[in-house]
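Colleague: This is what each chain is made of:
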Amino acid sequence: MLRYTLLRILGAIPTLLLVIALAFLMVHAAPGGPFDDERALPADVEANIAAAYHLDEPLPQQFLRYMSGLLQGDLGPSYRYRDYTVAELIGTAFPYSLKLGALAMALALLLGVTAGTVAALRQGTALDKVVMGFSMTGISIPVFVIAPVLVLFLAVKLQWLPAGWSGTTGMSRYLLPVITLALPQIAYIARLTRASMIDVLSRDFIRTAYAQGLGTVTVVRVHALKPAMLPVLSYMGPAIAAILTGSVVVEEIFGIPGLGQFFVRGALNRDYTLVLGIVVFYASLIVFLNLLVDILYGAIDPRVRYQ
Amino acid sequence: MSLLDVQGLTIRYGDETVVDGVNLFIDRGESVGLVGESGSGKSQSALAILGLLPRQAVASGSIEFDGQQILGASDSVLNALRARRIGIVFQDPMQALNPYLRIGAQLRQIPLTHKLRDKAEVDARVVEMLASVGLPDPQRQFRAYPHELSGGMRQRVMLASALIAEPDLLIADEPTTALDVTVQAQILDLLEDMRDNTALLLITHDLGIVAGHCEHTIVLDRGRLVEQGPTTSVFAAPSHAHTRALLAAAPRVDRGDVPEAVTGSTILSVGDAVVDYRDLQAVSKVSFSVKIGETVAVVGESGSGKSSLVRAMLGLVPMASGRVVYAGSTLEGPVEDRAQSQRRDLQLVFQDPVSALNPQMRVQTLVGEPLLVHEPQLSAAARAERVAAMLERVGLSRKFLRRFPHELSGGQAQRVAIARALILGPRVLVCDEAVAALDGSVRKQVLNVLRDVQADTGLSIIFISHDLAVVRSISHRVLVMYLGRLVEMADSETLFAAPKHPYTRALLDSVPVPDPVAMPKRAPLRGEVPSPVNPPSGCVFHPRCAKADARCGSKAPALRDVERTRVACHYPNA
Ligand SMILES: Nc1ncnc2c1ncn2[C@@H]1O[C@H](COP(=O)(O)OP(=O)(O)OP(=O)(O)O)[C@@H](O)[C@H]1O
Ligand code: SF4
Ligand SMILES: [Mg+2]
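So the protein lines, in turn, are chains A and B.
Numbering-wise, the first sequence is residues 1489 to 1795 according to our numbering.
Numbering-wise, the second sequence is residues 64 to 637 according to our numbering.
Calculated from the structure, these hints are not laboratory results.
Just to be clear, a hint being listed does not mean it is correct.
Short derived list, chain B residues pointing at chain A, Cβ under 7 Å [as the list claims (entries may be wrong)]: (1) TYR76; (2) LEU115; (3) LEU116; (4) SER137; (5) VAL140; (6) ASN142; (7) ALA146; (8) HIS210.
Covered stretches of chain A, as calculated for chain B (at least 3 residues, CB under 8 Å) [stated by the list, open to error]: (9) 1603-1611; (10) 1687-1697; (11) 1711-1718; (12) 1777-1791.
Chain B residues, not near chain A, derived (Cβ > 10 Å throughout) [stated by the list, open to error]: (13) MET64; (14) ALA120; (15) ALA143; (16) ARG145; (17) GLN172; (18) ARG203; (19) ALA299; (20) LEU310; (21) SER332; (22) VAL388; (23) VAL512; (24) GLN517; (25) SER536.
This one's a predicted model, so the numbers in the text were calculated from it and none came from an experiment.
For each residue, glycine too, the CB sits at the ideal point set by N, CA and C.
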C-alpha cells in the first residue's frame, strides 16, 4: 500500500508541472495586457511598468521566475488589487469556496449514494422509476437555470431561506448555493450508484452472503457498498472539477465573495497574475484530490495495488 | 421425521421447467449424493432449499426443513435457517467469496448475525475455525484477501464459513470441481472429518465422489429424479437406463483396458525444452517424443507447466532453449515465422470451445476457414464438400452447417473446434484440456471421434489433461510433470499398473473411483504445489513426499531408466 501510494504521488508531479506550464502559456498568449487601458500610457512609463513586473524578460525566464516563486508559496503581486499579493487574495476568498464546495460534495455523496442504493434494491418498482426520473432531470438542467428557480420558490415565494448573501449571516445563507451546486451531482451519483450496485448485487459473493443469513441491510453495508463505490470514486475527479467550475457561476449568482468571484473579476480586469494564480491553485487542488481518490481506490480494491 | 423433506419440487423459468417434481429426504447425520449432468437441475434444487432462487424463478411443491416450510417463507424465517441450520459451499470459491473483504471480515459476520458470539469473542472463533479447516497460519489468513489464497485454501475458507454456525445440514455444490485431484482429495477428507453429525447433501457430476462419500445416491436427469437408493445398490444394480449410461461413461483409473503401446517411427520430438517467464521457469529441460499414430498424455497439477510445454513446442510462447524436430526438420521461432506446411501439420484444440470460435461465423465458415488460407485453389463447392465430410467425421450432421457457435451445446462446439483443427489433415493434434468442460456422455463421444480419426489416419495426439481416468482410457504413453520438470514417463500399461515416482502414485491414488465397494483412500498428498518462483531445493517434490530423506532435500534426482520407465527419483518404487 505504501509503495502504491508513493508511486501515485510521483506520478502526479509531472501532471502538475504540465498543467502549470500550460496555464502560464495560455495567460501569456491572451491578447492585451493588464496595463493597456483605454488611454495609452507614454512609452517610457509602459517600459518601467513592464520592467517592474519583469514583463520585458523572455518568456522562459519569466516562467522560471514564476516557478521559483511558486515553490516558496509566492504567486506574485496582483496587478489590480495593488496592495495585495495573489496569495493573500486567495487566502481570504478560498474559505468561502471551500465551504461551499465541500458541503455540496458531501450532500451529493450522501443523497446520491442513498438514492442510488435504494433504487437498485427496488429495481423496477415505482420508487426506482421516480429516482431515475428525478436524476435524469437533475443531470440535464444547467446550474444557471436551477439557481433562479430555487431562489424563486424557496426564498421568494416560501421565504424559507435567504435569497442572497449580503445582509445575512450563519450557515443558512449557504443552503441555496449548496443545493444548486449539488443537484446535478446528486443526480449523476445516484445513477452511477444504482448501476454499479445492481451489478454488484448480482455477483456470486452476494448470494453467499444471503446464504449466510445476513439481512439486506448487512449485505449492502458489509459486502456490497465497498465494491459498488468504486465507479463513484472514479467519478470523484470529474465531480470535483465540475463543482469547482460550477462554483464560479454560483458565487457570481448568489454574490458570495469566494474564489470564483475573484476569478471572474480577474479575467475581466486582465489581472493576469490573479487569474494565473487561481488556475494554478485550482489545478493543484484537483491533482491533489485526484491523487487522494486514487489512493482510496487502492485501499478499497486490494487487487489494484498489485498491478 | 426427516431433517429435510422435499416433495414434488418444481422450478420454472417462464414456460421452461428446470426441476420437475423432485422428492428427496435427508435424515439427521446422513450423507446424500445428488448426481446428474450439467443442467440437470442440481444447483437449482440446492438454491431452492435455501430459499435463494432468483426472483424470476417460480417454485412449487414443498420443502420442509425440520418441520418448517421453506417455499414461500418470509425473509426472517429464511435468514434464521441459513448458515445456522443449513450451510452451503458453492462451486467456485473465487467467485463465491467477496474479493474486496478480508477473510476475517467476511466470516465474523456469520456468528454476529446469528448472535452466536459477541464482538469480543467473534474474531477468536473465526481464527479457531480457520485453524480447524487446516489453514496454515490462521491468524494471517484472517487478515488475507481471497485472491492471496490458492484455490484449495479458498475452498477451505468456504467450508469454514459454511460450518462456523454448526448447521444441521451442509449442502456442498460441486465443492471440488475447480480443484486439482490431489487438493480435491484433501477437501473431501476435510468435509468428512469436519461434518460430524451434520447431514450432507453433496452435489456433483463425478460418480467417483458420490461412491466414496455418500450413503445415499440420487440421480437427476433433465430436472427429473430418475433413481434413488443406497449408494451400493445404485452402483451395483442401477435400475434406470440413465444411471447405467452415466456409469458406463465414467472411466475408471483403477481398471479397464489400456491402449497398447505403439511401435513405429517418431514424428515429433522435443529436446531439453526450457520455458522462462519473467521471474520463474515454467518448463525445465523436458524431452519427449511422439510416434506416428500415438497418443501421448501430459499430466500434472495446475502450474506444472503442461500448457507452457506444448505452447512453446508450437511456437506460441518463446522457448528459452531446447529444440523441436518435426518429421526430420527443426521447428524454430514463433509460429508466424514457421513454414505453412509445418503450421498446418500441427494443430491445437483448447479447453473452452465457445470462446475459441468466432461467434459471428457459422459452423460452415468456421470449419472451412483454414482451407481458404492453406488451399486457396479449392472451388467453393469442393470446399463445402470437405467441410460437410469433416463434420460427419466428428459426428455432426449437415444441419449444423448453418448454425452459429451460441446455437451449439458444449460438446457440439468442441467437435466443431476439432473439425476445424482436423480439416487440413494435420499429423499432430494437441488437445489442451479439450474434454475437461464436457459431461461424461459427451466426453465419451469426443474421445471416440479422436480414436477413430487416429485409427484411420495415423494422427498423433498430445493430450493434456488433469483427468487421469480419461488419460488411462485414451493414451498410449504418459508424461508426468511436477513444477516444470518431467518426473516420470512410461507407456500407459506400465504407468498405471506400476507407477514408480511417488508423485505419480499420489496422483493416481487421489482420483475418486466410481465404486462404493472399493475402499475410499485417505488423501495421499499433503500441502499444495509450491511456488515455481522459489522451487524447493534438491528434489522439488521433497516437501510433499512421504519417502523423502536428507538426500532428497539436497540432491536433485536425475532422470534415468528403471525397467521400462523413465523416472526422476532417488527411490523409485521397485
Ligand atoms: N436464472 C435462470 N433463468 C433461466 N434458466 C435458468 C436459470 N438458472 C438456471 N437455469 C436453467 O436451469 C437448468 C438447471 O440448472 P442447474 O444450474 O440447476 O444445473 P446443474 O445440474 O447444477 O448443472 P451444472 O452441473 O452445470 O452445475 C438449466 O437448464 C439452466 O439453464
Ligand atoms: S527423490 Fe526423494 S523426495 Fe523426490 S520423489 Fe524421490 S523419494 Fe520423493
Ligand atoms: Mg450446478
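Colleague: List in ascending order the numbers of the hints, as given earlier, that are violated by the structure.
Modeller: Hints 1, 3, 4, 5, 9, 15, 16, 17 are the ones this structure does not satisfy, whereas the remaining hints hold.
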